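2 protein chains.
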Amino acid sequence: MKLRHTVVLFASLCLGIGAAQAQFQKPDDAVKYRQSALFVMGQHFSRVGAMAAGRVPFDAAAAQENMAVVMAISQLPWAGFTPDTQDVRSRAKPNVWTERAKFDEAQQNAQKALVALNNTVKTGDLDAIRRVFNDTAASCKACHDNFRN
Amino acid sequence: MKLRHTVVLFASLCLGIGAAQAQFQKPDDAVKYRQSALFVMGQHFSRVGAMAAGRVPFDAAAAQENMAVVMAISQLPWAGFTPDTQDVRSRAKPNVWTERAKFDEAQQNAQKALVALNNTVKTGDLDAIRRVFNDTAASCKACHDNFRN
Numbered sequence: 009m010k011l012r013h014t015v016v017l018f019a020s021l022c023l024g025i026g027a028a029q030a031q032f033q034k035p036d037d038a039v040k041y042r043q044s045a046l047f048v049m050g051q052h053f054s055r056v057g058a059m060a061a062g063r064v065p066f067d068a069a070a071a072q073e074n075m076a077v078v079m080a081i082s083q084l085p086w087a088g089f090t091p092d093t094q095d096v097r098s099r100a101k102p103n104v105w106t107e108r109a110k111f112d113e114a115q116q117n118a119q120k121a122l123v124a125l126n127n128t129v130k131t132g133d134l135d136a137i138r139r140v141f142n143d144t145a146a147s148c149k150a151c152h153d154n155f156r157n
Numbered sequence: 009m010k011l012r013h014t015v016v017l018f019a020s021l022c023l024g025i026g027a028a029q030a031q032f033q034k035p036d037d038a039v040k041y042r043q044s045a046l047f048v049m050g051q052h053f054s055r056v057g058a059m060a061a062g063r064v065p066f067d068a069a070a071a072q073e074n075m076a077v078v079m080a081i082s083q084l085p086w087a088g089f090t091p092d093t094q095d096v097r098s099r100a101k102p103n104v105w106t107e108r109a110k111f112d113e114a115q116q117n118a119q120k121a122l123v124a125l126n127n128t129v130k131t132g133d134l135d136a137i138r139r140v141f142n143d144t145a146a147s148c149k150a151c152h153d154n155f156r157n
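Residue numbers (our numbering), protein chains in the order written: chain S, 9 to 157; chain A, 9 to 157.
Treat the hints with caution; some may be incorrect.
Stated by the list, open to error - Here are the computed lysine to any residue pairs in the SDA-like style, where the Cα-Cα straight-line distance is at most 25 angstroms:
{"id": "1", "chain 1": "S", "residue 1": "K34", "chain 2": "A", "residue 2": "L46"}
{"id": "2", "chain 1": "A", "residue 1": "K120", "chain 2": "A", "residue 2": "C151"}
{"id": "3", "chain 1": "S", "residue 1": "K34", "chain 2": "A", "residue 2": "G62"}
{"id": "4", "chain 1": "S", "residue 1": "K34", "chain 2": "A", "residue 2": "N142"}
{"id": "5", "chain 1": "S", "residue 1": "K149", "chain 2": "A", "residue 2": "K34"}
{"id": "6", "chain 1": "A", "residue 1": "K40", "chain 2": "S", "residue 2": "Q33"}
{"id": "7", "chain 1": "A", "residue 1": "K34", "chain 2": "S", "residue 2": "R63"}
{"id": "8", "chain 1": "A", "residue 1": "K40", "chain 2": "S", "residue 2": "N157"}
{"id": "9", "chain 1": "A", "residue 1": "K40", "chain 2": "S", "residue 2": "L122"}
{"id": "10", "chain 1": "S", "residue 1": "K110", "chain 2": "S", "residue 2": "R156"}
{"id": "11", "chain 1": "A", "residue 1": "K40", "chain 2": "S", "residue 2": "R99"}
{"id": "12", "chain 1": "A", "residue 1": "K40", "chain 2": "S", "residue 2": "V96"}
{"id": "13", "chain 1": "A", "residue 1": "K40", "chain 2": "S", "residue 2": "Q94"}
What the hints assert, rightly or not - Below, a sample of chain S positions facing chain A; criterion: calculated Cβ distance under 10 angstroms:
{"id": "14", "residue": "Q43"}
{"id": "15", "residue": "Q51"}
{"id": "16", "residue": "A70"}
Stated by the list, open to error - Take a look, some chain S residues computed to stay more than 12 angstroms from chain A by CB distance:
{"id": "17", "residue": "D92"}
{"id": "18", "residue": "S98"}
{"id": "19", "residue": "K101"}
{"id": "20", "residue": "T106"}
{"id": "21", "residue": "K110"}
{"id": "22", "residue": "A114"}
{"id": "23", "residue": "Q115"}
{"id": "24", "residue": "Q116"}
{"id": "25", "residue": "Q119"}
{"id": "26", "residue": "A121"}
{"id": "27", "residue": "N127"}
{"id": "28", "residue": "D143"}
{"id": "29", "residue": "C148"}
{"id": "30", "residue": "A150"}
{"id": "31", "residue": "F155"}
If you are wondering where the hints come from, they were derived from the structure by calculation, not from laboratory data. Remember, predicted model here, so these are calculated numbers, not experimental data. Ideal Cβ placement from N, Cα and C applies to all residues, glycine included.
Construct all of the structure, not just a fragment, from the sequences and the given hints.
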């Protein structure tokens, strides 16, 4: 019950976070913030990937908990791509800002893919999780390929 | 309604995350994970602090959203203090591992203080928030003073 409660709560966090965003003291903080959030998210995402790939035994509860964390944190990093970070050294390509609509679309596509993966993980169907995980990872990669050095 | 829903969901995340923890590929990842989670948490915590200190205008909704993120992420960093990270360069003092029970207690005290702050922020009473914020910050600082260089 407690686990299910936790998972449901985390997984519901695909709701937007409005007022909590932005407000960085300096551009370096915004860069570190987005990198940090993406790193933590990536760690939990890769644990689901390890199960999908059969590198670790499938554990439905752990997969759901990891996805719940992914869904919650996936709301955060984008606030760190502020215009004043364009000149801060990072792996972000200039087109994050020069093609902002495309970047925002790519980010939204990745988030849609995460929602789909999260829903699939909830079913506990490992074959389906494998398929949807690969689609989701491809969506992440598409954004990285286009907007990250 | 949407905001309230988000806040309630985030704020309820003081429930434990069991199966989603641990499983780092290498000690460096565990260190980066805990530092990243603490940095993101600190950013949101400091936004509440800025309101408490009067550096930015008090916005009850924003304060609640920031605390909701703090509460959710505050569950995560501790998994990164794995024994195999003792030799990785970081600001963690050796007594994180040699006085583990004290470290765990300090961490739990900080989390209790966060719960108290979160409850106070929900009341929207800025004077109370100021008082409780200072107590909470002191609890964070106690852990830093004892366990961080």
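Query raised in the report: Taking C-beta pairs only, is S:Q119 more than 12 angstroms away from all of chain A?
Result: Correct as stated: the minimum Cβ-Cβ distance to chain A is 15 angstroms, above 12 angstroms.
**Report entry** Hint consistency between S:K34 and A:G62 [alpha-carbon to alpha-carbon, up to 25 angstroms]
**Finding:** holds (19 angstroms)
Query - Separation of S:S98 from chain A, once the least beta-carbon distance is taken, above 12 angstroms - result: holds (15 angstroms)
Query - Proposed proximity, S:Q33 with A:K40 (alpha carbon, max 25 angstroms) - result: holds (22 angstroms)
Requested in this report: For the pair supplied as a hint, S:K110 and S:R156, confirm whether the alpha-carbon distance does not exceed 25 angstroms.
Outcome: OK: S:K110 and S:R156 at ~13 angstroms, within 25 angstroms.
Query - 25 angstroms limit on alpha-carbon distance, applied to hinted pair A:K40 and S:N157 - result: holds (20 angstroms)
Query raised in the report: Taking only the CA atoms, is the gap from S:K34 to A:N142 under or equal to 25 angstroms?
Result: Distance ~24 angstroms between S:K34 and A:N142 Cα, so the pair holds.
Report task. Just double-check S:A114 for me: nearest Cβ-Cβ distance to chain A has to come out over 12 angstroms. Result -> holds (22 angstroms)
Query raised in the report: Do the alpha carbons of S:K149 and A:K34 lie within 25 angstroms of each other, as the hint requires?
Result: Cα-Cα ~23 angstroms, so holds.
**Report entry** S:D143 remote from chain A - nearest C-beta pair above 12 angstroms
**Finding:** Holds: least Cβ distance 22 angstroms, greater than 12 angstroms.
**Report entry** Agreement of A:K120 and A:C151 with the hint, judged by alpha carbon distance not exceeding 25 angstroms
**Finding:** holds (13 angstroms)
Query raised in the report: Given the hint that A:K40 pairs with S:L122, does the C-alpha gap stay at or below 25 angstroms?
Result: Since the Cα atoms of A:K40 and S:L122 sit roughly 23 angstroms apart, the hinted pair holds (cutoff 25 angstroms).
Of the numbered hints listed earlier, not one is contradicted by the structure.
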